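Q: Protein chains in written order, with UniProt numbering: chain W, 1 to 287; chain C, 1 to 293.
Be careful, since some hints might not be right.
As the list claims (entries may be wrong) - Over the 12 Å line for every Cβ pair with chain C, so calculated as not near, a few chain W residues: (1) T11; (2) F22; (3) F43; (4) V122; (5) V123; (6) E187; (7) V200; (8) T228; (9) I232.
What the hints assert, rightly or not - Label pairs and their in silico Cβ distance ranges: (10) C:L161 <-> W:F43: 15 to 25 Å; (11) W:A54 <-> C:K198: 39 to 49 Å; (12) C:K192 <-> W:A267: 39 to 49 Å; (13) C:R209 <-> W:L197: 54 to 64 Å.
Calculated directly from the structure, the hints in this document are not laboratory data. Note that the coordinates shown come from a computational prediction; the quantities given were computed from them, not determined experimentally. Note that beta-carbon positions come from the ideal geometry of N, C-alpha and C, so glycine has one too.
One-letter residues, chain by chain:
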Amino acid sequence: MAERPKLVADTAAFARRHPDQFRWVTRGRVVALCVTAAMIALFALGIAVLEFDARRFALGLLKLGEFVVFMVPPSTGDWATFVLYLKALAETVAIALLGTLLATVPAIVMGFVAAKTVVGQVVIHFLSRRILDTVRGVDELIWALIWVNVVGLGPFAGILAVASANVGILGKLFSEAIEAADPRPVEGVVSTGGSRLAAVRFGLWPQVAPVIASQVLYYFESNTRSATIIGIVGAGGIGLHLAEQIRTLEFQHVSALVLMILATVAAIDWLSDMLRFSIIGRREVVG
Amino acid sequence: MAPSIHRQGDARLALMMGGYDAAVAAKRRQTTLGATVLIVAVVVAALVGEVDVGKFVVNLHRFGDYIVRLAHLEGGAGVLSDVGEWFWGWRRWLVMLGETLLIAYMGTLMGALGGFALCFFAARNLTGRAWVRFATKRFFEVCRTVPEMVFALIFVIAFGLGPLAGVLALAVHSTGALGKLFCEVVENIDLKPVDGVKANGGSWVEAVRFAVVPQVLSNFASYALLRFEVNVRSAAVMGFVGAGGIGQDLIEAIRKFYYSDVSALLVLIVGTVMVIDLCTERLRHALLGLRRA
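Please work from the sequences and hints to get the whole structure.
A: Okay, structure coming up:
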């Protein structure tokens, strides 16, 4: 480390040799400063436009503290209510399971249609992608509201809502997985005189099936999370009770419900992880 | 020399064929078992979820009707026949849309700052104390497992109706989601710069500032942009529980059966989400390219 004292002694010469390292105003710094300033300005604009108010904020925090105190110990009051909640939780899991499975079938079809490597028609590719985008852009809660109008209140509407939103998500993921598949098995099938359908069935499907299975399992878990709130708009499941207990300020019930949801999500997380790894083996999920 | 083909004895061959059959049978058994479990699960779920195929078939035409009604104005003409009439409230809706974007922006920024401030305490390679790491990780977990709508519901009661509740709900949820991702990025860094700073007598804070942050910043920004995209979607429905944004108008239009308004609002929301998707994707690729260059 004999270099350091020498360099410190002769900083001026060192700076002359490497001017970029010693310049204060560099292009990167200017850009960073501008971006930061713009972000802060936008934040300030937000505070002004969205009517943030320090007093309201402080009062709210105080109230939140009170809520937390009210939340312990978590309790559902009596056993009958607990059983009612358990039933609602089962409904939520059922919504997630059926919603995911129901979405899988059309999503697989759409996935193949939207994959550049399978259909290859520019117009079809573009249209199917845009359809998937639109379906995906409409939030699950909006789908739930629409389906409630069609089949009435209750978990069935929730199932249809989860299914609709997931067709868009899964369809896109599947089509990407299909596009990423190795083309050589497909060429092999075609070269031995196989039809297009045979090429998809024997060349592509064995490659993408594990990816599809693992993604379906992953989304089953994620849908369990989102299905817990779908009840807010009347589409069944535990969200209805949760919203009701929050609105009536029964905070012991709220914390009990949240704990039940957390436990369920953790259980499904564990289960789907196990299944996923048994399907694809211990390696990274593609996509 | 002609290759001699060694033929297994019949007994040996039978043994191998038996083994093959057993393997195939085992695989079939497993598949059947899996299919059975799946079917049972579906039937049970269908019973619990009150699936009624009859009701669905009988009412399916209503879904079609709904779509048709969405495509028609109050007077019965198609929406495209008079776009001005369709988007009659565009001034108010654009303002609401702006509010939604602002809610998503502020929620994401606050969440990113929260995640940024805490992620270094959750990273295994930077924080020695096990309890600090454990506490931070559990905090992230609670923040991201509770859906943002639940936070929004609680915050609406604490802070009153309006965008403040929505922003805070998104901020809390984003802190949890981003904190976890940030922490994973930090755990994957090259530790040599950290050693360098420490060897020169730098403190922990200086090591983070000069050795860790420059390595992770572009990844952090890319994750934050991804979260912004997700938060725009969430902010669009925050209004359902009174937490501000365009969702307020949407739920009102749906509940009051103003069909053309519903479709106009949906077009606005979906269009905005698509534009944001495209823009953030571009930006993210640019950011990650910057890092690689």
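Q: Look at each hint and say if it fits the structure.
A: Results of checking the hints against the structure:
1. At the 12 Å boundary, the C-beta of W:T11 stays outside the reach of chain C, the nearest C-beta of that chain being 16 Å off.
2. With a least CB separation of 16 Å from chain C, W:F22 remains clear of the 12 Å interface cut-off, as annotated.
3. Some Cβ of chain C comes within 12 Å of the Cβ of W:F43; the nearest lies about 6 Å off, and the non-interface call is violated.
4. Distance check for W:V122 against chain C: the nearest CB is about 19 Å away, which clears 12 Å, and the non-interface claim stands.
5. Every CB of chain C is more than 12 Å from the CB of W:V123 (nearest about 19 Å), matching its label as outside the interface.
6. At roughly 28 Å from the closest C-beta of chain C, the C-beta of W:E187 stays outside 12 Å, upholding its exclusion from the interface.
7. Annotated as non-interface, W:V200 keeps its C-beta farther than 12 Å from every C-beta of chain C; the closest such distance is 21 Å.
8. Look at W:T228: its CB is around 6 Å from the nearest CB on chain C, not clear of 12 Å, so calling it non-interface is violated.
9. Non-interface status of W:I232 relative to chain C is broken: a Cβ of that chain comes within 12 Å, the nearest being about 6 Å off.
10. Between C:L161 and W:F43 the CB atoms are about 22 Å apart, so this pair conforms to the stated range of 15 to 25 Å.
11. A hinted range of 39 to 49 Å for the beta carbons of W:A54 and C:K198 is consistent with their spacing of about 41 Å.
12. The hint said 39 to 49 Å for the Cβ distance between C:K192 and W:A267, and at roughly 41 Å that hint holds.
13. Our hint of 54 to 64 Å for C:R209 and W:L197 holds, since their Cβ atoms are close to 59 Å apart.
The structure is inconsistent with the numbered hints 3, 8 and 9, although it conforms to all the rest.
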